[in-house]
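A.B. asks: Each chain is listed here by its residues.
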Amino acid sequence: MKKKSKLKKLAAKYVNYSFKDGKGDENKIMKIMGELKSLPRSQAIYIISKFLKGVRKRKDQTTLLIESAVSLTEAQLEHIFKSFRKEFVVTEIKNIVNPSLLGGFRVRIGDIVQDYSLEGKILKLREAITV
Amino acid sequence: MMKADIITKIEQDIKNLKLKAVRQNVGLVTEVGDGVAKIEGLSDVQYSELLDFGKEVFGLALNLEQYSVGAVIFGDFTSVKEGDLVKTTGKILQVPVGEALVGRVVNALGIPIDGKGPIKAKISYPVEKIAPGVITRQPVNTPLQTGIKAIDTMIPIGRGQRELIIGDRNTGKTTIAVDTIINQKDVICIYVAIGQKTSKVAQLVAKLEELGAMEHTIVVSASASDSATMQYLAPYAGCAMGEYFMDQGKDALIVYDDLSKHAWAYRQMSLLLRRPSGREAYPGDVFYLHSRLLERAAKLNKDYGNGSLTALPIIETQANDVSAYIPTNVISITDGQIYLEPDLFFAGFRPALNVGISVSRVGGAAQTKAMKAVAGKLRLDLAQFRSLQAFAQFSSDLDPATKAQIERGKRITEILKQPPYSPVPVEEQVVSLWAAINGFLDEIEVEKVKEFEGKYIAYLKLREKKLLSEIAEKKELDEKMIKELEKTTKEFVGIFKKGGSVKGKG
Numbered sequence: 001m002k003k004k005s006k007l008k009k010l011a012a013k014y015v016n017y018s019f020k021d022g023k024g025d026e027n028k029i030m031k032i033m034g035e036l037k038s039l040p041r042s043q044a045i046y047i048i049s050k051f052l053k054g055v056r057k058r059k060d061q062t063t064l065l066i067e068s069a070v071s072l073t074e075a076q077l078e079h080i081f082k083s084f085r086k087e088f089v090v091t092e093i094k095n096i097v098n099p100s101l102l103g104g105f106r107v108r109i110g111d112i113v114q115d116y117s118l119e120g121k122i123l124k125l126r127e128a129i130t131v
Numbered sequence: 001m002m003k004a005d006i007i008t009k010i011e012q013d014i015k016n017l018k019l020k021a022v023r024q025n026v027g028l029v030t031e032v033g034d035g036v037a038k039i040e041g042l043s044d045v046q047y048s049e050l051l052d053f054g055k056e057v058f059g060l061a062l063n064l065e066q067y068s069v070g071a072v073i074f075g076d077f078t079s080v081k082e083g084d085l086v087k088t089t090g091k092i093l094q095v096p097v098g099e100a101l102v103g104r105v106v107n108a109l110g111i112p113i114d115g116k117g118p119i120k121a122k123i124s125y126p127v128e129k130i131a132p133g134v135i136t137r138q139p140v141n142t143p144l145q146t147g148i149k150a151i152d153t154m155i156p157i158g159r160g161q162r163e164l165i166i167g168d169r170n171t172g173k174t175t176i177a178v179d180t181i182i183n184q185k186d187v188i189c190i191y192v193a194i195g196q197k198t199s200k201v202a203q204l205v206a207k208l209e210e211l212g213a214m215e216h217t218i219v220v221s222a223s224a225s226d227s228a229t230m231q232y233l234a235p236y237a238g239c240a241m242g243e244y245f246m247d248q249g250k251d252a253l254i255v256y257d258d259l260s261k262h263a264w265a266y267r268q269m270s271l272l273l274r275r276p277s278g279r280e281a282y283p284g285d286v287f288y289l290h291s292r293l294l295e296r297a298a299k300l301n302k303d304y305g306n307g308s309l310t311a312l313p314i315i316e317t318q319a320n321d322v323s324a325y326i327p328t329n330v331i332s333i334t335d336g337q338i339y340l341e342p343d344l345f346f347a348g349f350r351p352a353l354n355v356g357i358s359v360s361r362v363g364g365a366a367q368t369k370a371m372k373a374v375a376g377k378l379r380l381d382l383a384q385f386r387s388l389q390a391f392a393q394f395s396s397d398l399d400p401a402t403k404a405q406i407e408r409g410k411r412i413t414e415i416l417k418q419p420p421y422s423p424v425p426v427e428e429q430v431v432s433l434w435a436a437i438n439g440f441l442d443e444i445e446v447e448k449v450k451e452f453e454g455k456y457i458a459y460l461k462l463r464e465k466k467l468l469s470e471i472a473e474k475k476e477l478d479e480k481m482i483k484e485l486e487k488t489t490k491e492f493v494g495i496f497k498k499g500g501s502v503k504g505k506g
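Protein chains in written order, with our numbering: chain A, 1 to 131; chain B, 1 to 506.
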């Protein structure tokens with residue numbers, strides 16, 4: 001149990017080391033992976049899974065995921081990016097087309113979601129009129 | 001509700017609706033099973049916050065870890081799938097409270113389950129609340145009459161007290177609690193059924209309705225078929241409902257039936273949430289589980305409205321073992337316990353109270369003077385009777401004084417027997433016990449004591465109604481009353497012995 005918590009802490013330390021200003025350093029990550037692989041197998045599996053989870057989580061926190069009902073133009077994406085740039089560190093922008101939104105778009109960065117979609121508005125309306 | 005009203009309400013709701021995009025904290029379900037979900041994300045979630053799983057399924061955040069959150073799901077968890085989006089709501093779990101709930105049967109979330117339509121409660125209280133502090137409280141000083149002679153005299157319960165009812169299965173624990181509910185007039189009662197058979201709850205509600213006690217009672221039911229989460233929440237929800245009345249300056253009584261099953265439900269939840277387990281596989285905070293619940297029972301002082309919440313938790317023991325983990329925990333939290341024994345129950349002593357082990361640590365201060373006048377001697381007489389009875393088993397030749405003491409003890413024991421669902425008013429308790437401890441029953445055969453008591457009370461009601469109401473009002477027995485009582489009792493003993501009928505004054 002003690003060993004596991006030590007490995008967990010080490011993984012968190014490596015994650016911090018791999019990122020600078022919210023941006024991941026690929027070389028550093030590959031180097032760390034190589035080092036971790038040299039550990040005894042049971043420890044390596046555990047720490048690598050924790051490390052990758054941490055890296056993914058950290059990357060999500062700086063990735064602006066824009067879900068929209070139709071594909072957005074570069075200018076539109078840039079406009080959205082500009083409004084979010086003030087509050088969040090954004091290193092990557094992704095656009096996913098999701099027709100189930102019906103209209104508008106939904107922005108997600110890390111654990112934060114801001115919903116401008118028609119689907120979200122309809123759901124809100126349903127909640128409001130349900131007794 | 002009329003059609004037009006519904007349309008107006010919907011129009012109003014739409015008018016007030018704000019469709020502006022709001023920033024929300026979300027997470028993704030990574031694991032789900034047995035009513036428990038693991039969610040990744042939700043970085044801003046609070047402990048005990050309500051989570052929205054969509055499709056009208058809600059959950060409660062309980063385990064906050066570095067990257068994930070462990071949550072329990074209310075209701076149907078089969079619709080929750082891996083990868084589902086979960087939103088925080090910014091709300092701590094609340095239940096509706098207020099007068100509108102009185103007379104209703106609700107589940108742990110305050111949703112009615114009695115088919116009598118929706119509850120129009122205007123106020124909600126958080127399910128988890130910190131118990132009232134020292135400044136807001138005052139010592140227990142008002143009695144809460146259970147209507148059970150053995151309890152009201154020897155193990156008195158005060159308003160704001162926490163008195164544990166403990167015993168094996170089928171020893172009459174629920175009956176004591178129900179009798180107490182039936183006996184209340186100005187006290188709002190809340191009965192919380194945890195992990196019980198639905199049929200038993202239905203039976204109990206029918207009984208309360210039959211006896212007119214449902215008019216001042218709320219039943220919170222989380223039966224055996226409900227999820228462990230609902231069973232875990234039910235006592236806290238019931239307590240919140242009781243706290244509302246306490247805050248209004250009223251007196252409330254809450255029965256938790258029973259806390260052993262509550263601990264089982266919490267153990268199940270904790271094991272599924274992978275919390276480390278301790279003794280008997282209960283999690284480490286099982287003591288706090290019950291202590292924070294029972295601490296919420298209180299008697300508030302004048303500045304805070306003088307309200308009270310009395311708690312009657314019930315614990316079911318296995319094979320009379322009061323030294324098991326949960327019983328010892330709850331015994332140490334409460335202000336005394338009523339211990340019920342199967343041996344006494346099957347010997348016909350009902351309520352099967354073991355007076356030796358049962359105690360009330362604070363209730364004595366709340367006893368009325370009239371009750372105190374009889375209770376002191378009664379306890380002494382019974383204690384002597386018990387020690388002599390054990391001694392008498394070994395010798396047949398007893399001196400007259402010992403014999404007399406044993407005979408009186410037998411009569412007192414007989415008087416203390418009481419059938420279920422028939423609580424006795426205080427004044428009647430006082431007079432019948434007064435007659436027993438003062439030797440008026442010594443000449444009556446033990447088998448006829450119950451008959452004597454019934455007729456004696458009827459005789460007093462007929463001839464000395466004023467005296468009875470005076471005892472009830474003044475709550476004491478002064479010399480004048482005692483003289484009058486002596487005269488009437490002697491008169492009645494004579495009539496009873498002759499087998500005569502009772503006639504009213506004038």
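Keep in mind the hints are simulated off the structure, nothing from the lab. Small disclaimer: the values here were computed from a predicted structure and weren't measured. Where is the CB? At the ideal position from N, CA and C, for every residue including glycine. Certain hints may be false.
Claimed, not checked - Taking lysine-lysine and the DSBU-like style, the derived pairs with C-alpha atoms no more than 35 Å apart in a straight line are:
{"id": "1", "chain 1": "A", "residue 1": "Lys31", "chain 2": "B", "residue 2": "Lys372"}
{"id": "2", "chain 1": "A", "residue 1": "Lys57", "chain 2": "B", "residue 2": "Lys81"}
{"id": "3", "chain 1": "A", "residue 1": "Lys86", "chain 2": "B", "residue 2": "Lys116"}
{"id": "4", "chain 1": "B", "residue 1": "Lys38", "chain 2": "A", "residue 2": "Lys9"}
{"id": "5", "chain 1": "B", "residue 1": "Lys302", "chain 2": "A", "residue 2": "Lys57"}
{"id": "6", "chain 1": "B", "residue 1": "Lys302", "chain 2": "A", "residue 2": "Lys124"}
{"id": "7", "chain 1": "B", "residue 1": "Lys87", "chain 2": "A", "residue 2": "Lys124"}
{"id": "8", "chain 1": "A", "residue 1": "Lys82", "chain 2": "B", "residue 2": "Lys55"}
{"id": "9", "chain 1": "A", "residue 1": "Lys53", "chain 2": "B", "residue 2": "Lys91"}
{"id": "10", "chain 1": "A", "residue 1": "Lys121", "chain 2": "B", "residue 2": "Lys116"}
{"id": "11", "chain 1": "A", "residue 1": "Lys8", "chain 2": "B", "residue 2": "Lys91"}
{"id": "12", "chain 1": "A", "residue 1": "Lys4", "chain 2": "A", "residue 2": "Lys23"}
{"id": "13", "chain 1": "A", "residue 1": "Lys9", "chain 2": "B", "residue 2": "Lys18"}
{"id": "14", "chain 1": "A", "residue 1": "Lys94", "chain 2": "B", "residue 2": "Lys302"}
{"id": "15", "chain 1": "A", "residue 1": "Lys57", "chain 2": "A", "residue 2": "Lys121"}
{"id": "16", "chain 1": "B", "residue 1": "Lys302", "chain 2": "B", "residue 2": "Lys410"}
{"id": "17", "chain 1": "B", "residue 1": "Lys372", "chain 2": "A", "residue 2": "Lys9"}
{"id": "18", "chain 1": "B", "residue 1": "Lys87", "chain 2": "A", "residue 2": "Lys23"}
{"id": "19", "chain 1": "B", "residue 1": "Lys38", "chain 2": "A", "residue 2": "Lys53"}
{"id": "20", "chain 1": "B", "residue 1": "Lys18", "chain 2": "A", "residue 2": "Lys57"}
{"id": "21", "chain 1": "A", "residue 1": "Lys3", "chain 2": "B", "residue 2": "Lys55"}
{"id": "22", "chain 1": "B", "residue 1": "Lys55", "chain 2": "A", "residue 2": "Lys57"}
Unchecked claim - Listed next, with one range per pair, are the computed distances between beta-carbon atoms:
{"id": "23", "chain 1": "A", "residue 1": "Ala75", "chain 2": "B", "residue 2": "Leu28", "range": "23 to 33 Å"}
{"id": "24", "chain 1": "B", "residue 1": "Val22", "chain 2": "A", "residue 2": "Lys82", "range": "30 to 40 Å"}
{"id": "25", "chain 1": "B", "residue 1": "Tyr47", "chain 2": "A", "residue 2": "Lys3", "range": "38 to 48 Å"}
{"id": "26", "chain 1": "A", "residue 1": "Gly34", "chain 2": "B", "residue 2": "Asp13", "range": "57 to 67 Å"}
A.B. asks: Does Lys53 (chain A) sit within 35 Å of Lys38 (chain B), going by the straight-line distance between their CA atoms?
C.D. replies: Roughly 15 Å between the alpha carbons, so the hint for Lys38 (chain B) and Lys53 (chain A) holds.
A.B. asks: Can the restraint linking Lys302 (chain B) and Lys124 (chain A) be considered satisfied, given a maximum Cα separation of 35 Å?
C.D. replies: Violated - the C-alpha atoms of Lys124 (chain A) and Lys302 (chain B) are around 45 Å apart, more than 35 Å.
A.B. asks: Below or equal to 35 Å on CA atoms is what counts here, so check Lys87 (chain B) against Lys23 (chain A).
C.D. replies: 27 Å, holds
A.B. asks: Between Lys57 (chain A) and Lys121 (chain A), does the CA-CA distance stay at or below 35 Å?
C.D. replies: Holds, at roughly 29 Å.
A.B. asks: Is it true that Tyr47 (chain B) and Lys3 (chain A) lie within 38 to 48 Å of each other by Cβ?
C.D. replies: 28 Å, violated
A.B. asks: Can the restraint linking Lys302 (chain B) and Lys57 (chain A) be considered satisfied, given a maximum Cα separation of 35 Å?
C.D. replies: Cα-Cα ~54 Å, so violated.
A.B. asks: CA of Lys87 (chain B) to CA of Lys124 (chain A), is that 35 Å or under?
C.D. replies: Since the Cα atoms of Lys87 (chain B) and Lys124 (chain A) sit roughly 13 Å apart, the hinted pair holds (cutoff 35 Å).
A.B. asks: Are the Cα positions of Lys82 (chain A) and Lys55 (chain B) separated by 35 Å at most?
C.D. replies: 34 Å, holds
A.B. asks: Taking the CB of Ala75 (chain A) and the CB of Leu28 (chain B), does the distance hold inside 23 to 33 Å?
C.D. replies: 31 Å, holds
A.B. asks: Take the C-alpha atoms of Lys8 (chain A) and Lys91 (chain B), compute the straight-line distance between them, and say whether it is at most 35 Å.
C.D. replies: Measuring from Cα to Cα gives roughly 32 Å; hence the hint holds.
A.B. asks: Hint check: Lys86 (chain A) vs Lys116 (chain B), CA-CA at most 35 Å. Holds or violated?
C.D. replies: The given pair, whose Cα atoms are some 54 Å apart, is violated under the 35 Å limit.
A.B. asks: What's the verdict on Lys3 (chain A) and Lys55 (chain B), does the C-alpha distance respect the 35 Å limit or exceed it?
C.D. replies: With Cα atoms ~41 Å apart, Lys3 (chain A) and Lys55 (chain B) exceed 35 Å; violated.
Violated hints, in rising order: 1, 3, 5, 6, 13, 14, 16, 17, 21, 24, 25; the structure is consistent with all others.
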